[in-house]
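A.B. asks: Respectively, the protein sequence lines represent chains A and B. Going by my numbering, the first sequence opens with residue 519, and the numbers climb by one from there. Going by my numbering, the second sequence opens with residue 519, and the numbers climb by one from there.
Just to be clear, a hint being listed does not mean it is correct.
Identical copies go unnamed one by one, so any copy, or any two together, can satisfy a pair.
To be verified - In silico SDA-like pairs for lysine to any residue, Cα to Cα no more than 25 Å straight-line:
id, residue 1, residue 2
1, Lys750, Pro722
2, Lys587, Ala568
3, Lys768, Gln635
4, Lys750, Gly803
Since the hints were made in silico from the structure, they are not lab data. Just so we're clear, the structure is a prediction, and the values are computed from it rather than from any experiment.
Protein chains: 2
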Amino acid sequence: MDNTESKILDTEAYVITLGRQAREAAGGIAKATTGQKNKALLAIVDAIEANRESIRQANQLDLEAGAAKKLEPALMDRLELTDSRVNDMIEGLQQVAALPDPIGEVTDLKYRPSGIQVGRMRVPLGVIGIIYESRPNVTCEAASLCLKSGNAAILRGGSEALHSNQAIAKCVEAGIEAAGLNKNTIQVVDRTDREVVGRLITLPEYVDVIVPRGGKGLIARISSDAKVPVIKHLDGNCHLYVDDQADIEKSVSVAVNAKTSRYGTCCTLESLLVADSVAKEFLVGLAPHYAEHGVEIRGCVKTCEILSQAVPATAQDWDTEYLAPIISIKVVDGIDEAIDHINRHSSGHTESIMTNNYKHTQRFLREVDSSSVMVNTSTRFADGFEYGLGAEIGISTDKLHARGPVGLEGLTSQKYVVLGDGHIRQ
Amino acid sequence: MDNTESKILDTEAYVITLGRQAREAAGGIAKATTGQKNKALLAIVDAIEANRESIRQANQLDLEAGAAKKLEPALMDRLELTDSRVNDMIEGLQQVAALPDPIGEVTDLKYRPSGIQVGRMRVPLGVIGIIYESRPNVTCEAASLCLKSGNAAILRGGSEALHSNQAIAKCVEAGIEAAGLNKNTIQVVDRTDREVVGRLITLPEYVDVIVPRGGKGLIARISSDAKVPVIKHLDGNCHLYVDDQADIEKSVSVAVNAKTSRYGTCCTLESLLVADSVAKEFLVGLAPHYAEHGVEIRGCVKTCEILSQAVPATAQDWDTEYLAPIISIKVVDGIDEAIDHINRHSSGHTESIMTNNYKHTQRFLREVDSSSVMVNTSTRFADGFEYGLGAEIGISTDKLHARGPVGLEGLTSQKYVVLGDGHIRQ
Chain A
519 MDNTESKILD TEAYVITLGR QAREAAGGIA KATTGQKNKA LLAIVDAIEA
569 NRESIRQANQ LDLEAGAAKK LEPALMDRLE LTDSRVNDMI EGLQQVAALP
619 DPIGEVTDLK YRPSGIQVGR MRVPLGVIGI IYESRPNVTC EAASLCLKSG
669 NAAILRGGSE ALHSNQAIAK CVEAGIEAAG LNKNTIQVVD RTDREVVGRL
719 ITLPEYVDVI VPRGGKGLIA RISSDAKVPV IKHLDGNCHL YVDDQADIEK
769 SVSVAVNAKT SRYGTCCTLE SLLVADSVAK EFLVGLAPHY AEHGVEIRGC
819 VKTCEILSQA VPATAQDWDT EYLAPIISIK VVDGIDEAID HINRHSSGHT
869 ESIMTNNYKH TQRFLREVDS SSVMVNTSTR FADGFEYGLG AEIGISTDKL
919 HARGPVGLEG LTSQKYVVLG DGHIRQ
Chain B
519 MDNTESKILD TEAYVITLGR QAREAAGGIA KATTGQKNKA LLAIVDAIEA
569 NRESIRQANQ LDLEAGAAKK LEPALMDRLE LTDSRVNDMI EGLQQVAALP
619 DPIGEVTDLK YRPSGIQVGR MRVPLGVIGI IYESRPNVTC EAASLCLKSG
669 NAAILRGGSE ALHSNQAIAK CVEAGIEAAG LNKNTIQVVD RTDREVVGRL
719 ITLPEYVDVI VPRGGKGLIA RISSDAKVPV IKHLDGNCHL YVDDQADIEK
769 SVSVAVNAKT SRYGTCCTLE SLLVADSVAK EFLVGLAPHY AEHGVEIRGC
819 VKTCEILSQA VPATAQDWDT EYLAPIISIK VVDGIDEAID HINRHSSGHT
869 ESIMTNNYKH TQRFLREVDS SSVMVNTSTR FADGFEYGLG AEIGISTDKL
919 HARGPVGLEG LTSQKYVVLG DGHIRQ
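The shape of chain A in the complex, shown without the other chains:
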């Protein structure tokens, strides 16, 4: 047996042990009371408070290793657990503890003509595998959401955050045990070899769903190799369409907010469409604001005629999520061309229309095939907290199971409950 083979066997045994332990813990956390789950969440808070210094030291190790490896500044920033980020982790845990427990909720219990009552009960999915990159605070967020939704979880963070993740994992484990729950309810992978991920996503007998959080490359690779269902979060090529009956002043304000309030989020505006009849007035009003923020404009021919500072867009621009101070702008005939362009080029994340025309709002809401469709609003609102979900594990651009921001409910399923009194089927 050569080294590679021995390592593969070793990975196999390691991942299967994780899976068995998770499956066993899932039975317990599924029937845990709301009180027990909240107690665990608040005990994790206590453990983090008590271990701030050791978390800081572990993070320091990761930061030094990252600096030695010359990680990009953006990665180094995400890796750092500042005091304020630790405070955010604590606040997040307290918020999740305060959310209503989704598990066990029975809805739509109704009598049927046969005399039986039929309804649906919300239940956990079982075991959730979460694969993420550099931000160690995700360990805490993911653990809290899985715990509250009655699921066991296997968390696999980025190798560059290993020490930080293990320090947080110890606090999570301490909190779970303080509430009398199985410590394997949340397992944080302590190995960094890629084979672990490769195996984890092919074990439907132990893992019910995989949630990848990270760059396009990671998500595409996992989606293509997985034998377990994946809740995907792909890119956000988000559009704003300024209709011929839009309020121009509000449209400018929304276009500025949607593009410039943050460049790196998936609900940031990437492409603007504007109806021909209002294009000049709108674009001339908008351009100084974008200039002030240093936003580069890549425009269609008409846009370039109106705005001398615009550079010509290429075909590729219409499909690009810049995540940067760049925007593509296209002048369209009207709502038909706008909807058609969006359904052709959008990534199905979030699109918004600015208009006071009732029929146009109705058509836009119905015909645009994206996870969030908006009227007279900034695309930046597409977020679990803004939508009232209380927390968010990601934004799904899939249609099956969960679409749009995924909160606790997205980590659950519903089974049918049927009540009778000795009823038999004729």
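Fit chain B to the known structure of chain A by using the hints.
C.D. replies: Okay, now just chain B, sitting in the frame of chain A:
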């Protein structure tokens, strides 16, 4: 290029054409009005009425070919389109036309502290691929459910039903065109080579979900090879647990109904558990009824002590879906052992408890991890019509997206709708 290669290229082009046409049609059917969709459904009824004779002739060709190939009697039975089955198809279409349209329904539209309104709108999934075996009436059922739920569909029936399926497909196409909709909304595959299925389930760009309907082998093969999400319907190893506080008379009646009313359905009872303290009274009361129906009993040691006609069960019996007049029976200590046995051996389809103990009902409903959990009721009620869904495309034993009987709602998704008045995110 040898013959095989040429055939593969040919299959590739064929399937991609189907996919492109379906994707294009999906945009149209998604925005079709309720009136248009119902008009199409009722025009299919007219076409079937007008073509009863050609459907009968096509079916005759399939039956003759089946007889020549010496198909099993059960397969030959499923293949036959009797007058009464054609009537059932027509009635099914009329029922689906009468169901409320799920598409466009907006729920939970609420104001958020930021001032925006957030709700959810029900939308079609897009393109649904349905792969089924011998029953040609599935062509009509599947077409009607996809049409009403605003989806385009690619239907691939069994090779032995090719002529019947094509005759029905003509009626479906005529109905869709009579309502002014794109005839490619429902495409019925007219090729019988397996490569078509193999390719269809690996095209996420054209197919949004695959629903396999058929035997375990078909479903396992599709699940393992698919690159498209699959709504699975695996086997139904359904349990009835007769608790120590059960009404014995009602328990006998339910056990008889659940096992003997039909042997071949997925919600048929396959395994009985009975609490030790009532085992003798219950089993002695039940045995004559099973004897009358010729049901073979495979029992645990205690069962065999109580019933001399029982044969000893092997370990394999606890995991077996017989689909035949055979049942496994096990005497258990009480509710703990019953729940544990079920969660270990059940296929997660449907389980029922007979009891008058409140705590036991609460525990059974919460802790048994199956798509339908029942109290004092025959497992035979696990069915879309009995649950009030109006129609059913299958019973999902998955947890993600759809669980239990899948009706129109299971063929839809929800997107977020956000309404504002120039709102920007702070």
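A.B. asks: Taking the earlier hints as the rules, which of them does this structure contradict?
C.D. replies: Hint check: 2, 4 fail, others pass.
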